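> Each chain, letter by letter, is given below.
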Amino acid sequence: GESVGLHLPTLSVQEGDNSIINCAYSNSASDYFIWYKQESGKGPQFIIDIRSNMDKRQGQRVTVLLNKTVKHLSLQIAATQPGDSAVYFCAEVAVGTGRRALTFGSGTRLQVQP
Amino acid sequence: SAVISQKPSRDICQRGTSLTIQCQVDSQVTMMFWYRQQPGQSLTLIATANQGSEATYESGFVIDKFPISRPNLTFSTLTVSNMSPEDSSIYLCSVVLTGNTIYFGEGSWLTVV
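Taken in sequence, the protein lines are chains P and W.
Count along the first sequence from 1, add 4, and you get the number used in our numbering.
Count along the second sequence from 1, add 1, and you get the number used in our numbering.
Any given hint could be a false lead.
[Said to hold, decoys possible] Interface residues of chain P toward chain W, partial, derived using beta-carbon atoms under 7 Å: (1) K46; (2) F50; (3) Q64; (4) A98; (5) V99; (6) R104; (7) A105; (8) F108; (9) G111.
The hints are simulated quantities; they were obtained by calculation from the structure and are not laboratory data.
As the structure is a prediction and not an experimental result, all values here were calculated from the model.
Beta carbons are placed, not taken as given, at the ideal position from N, Cα and C, and that holds for glycine.
Please build the complete structure, drawing on both the sequences and the hints.
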């Protein structure tokens, strides 16, 4: 399939290592954040979300951290696997304003070396 | 989650023509959106598809170029009109489910030649 994110920043990790993908957001009113994974030839796949009343949320092998003070979001992937290779996007929305449309970050390509 | 089906999944179009993309959801949803992802880029919101009324467009997108229909709570169409090579992109349908979780279809990959 076609590739997305041809000119994106790339994070290269060894299989089994932990990965940390960072994202800065700009809208102070944003109160809901989502991480998506996009594999080549596919649409964005929901990974995990977090609301602004939390600073950490864990899923299966993934953890999202939110620092509202510096408007920073991170996605941690434990024991990274080759299947984790993809482009990762953070997205934000100010649900409290009634809005549900997302503003996306620029994306990071994760490459997992076997 | 919901099953979000887009058609066509991929197409090659001649410049100057128009193409309508369909988005079908397997459950009723209150909010549907259309996004564009240009090659090597992130996703950009085109418009909010409003059921029974005109879509709400983001800055830089206009109805004449991207007419949208949403006749019911499970279906929407996006037309890309008078296409040029700059319109070569992935066009993605997105829906809001219970709890504000937002999901995407697999996208419609358009190449304009």
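> With reference to the structure, classify each hint as holding or not holding.
Here's how the hints hold up against the structure:
no., hint, result
1, K46, "holds, 6 Å"
2, F50, "holds, 6 Å"
3, Q64, "violated, 15 Å"
4, A98, "violated, 11 Å"
5, V99, "holds, 6 Å"
6, R104, "holds, 5 Å"
7, A105, "holds, 5 Å"
8, F108, "holds, 4 Å"
9, G111, "holds, 5 Å"
Violation of the numbered hints given earlier is confined to hints 3, 4; the remaining hints are satisfied by the structure.
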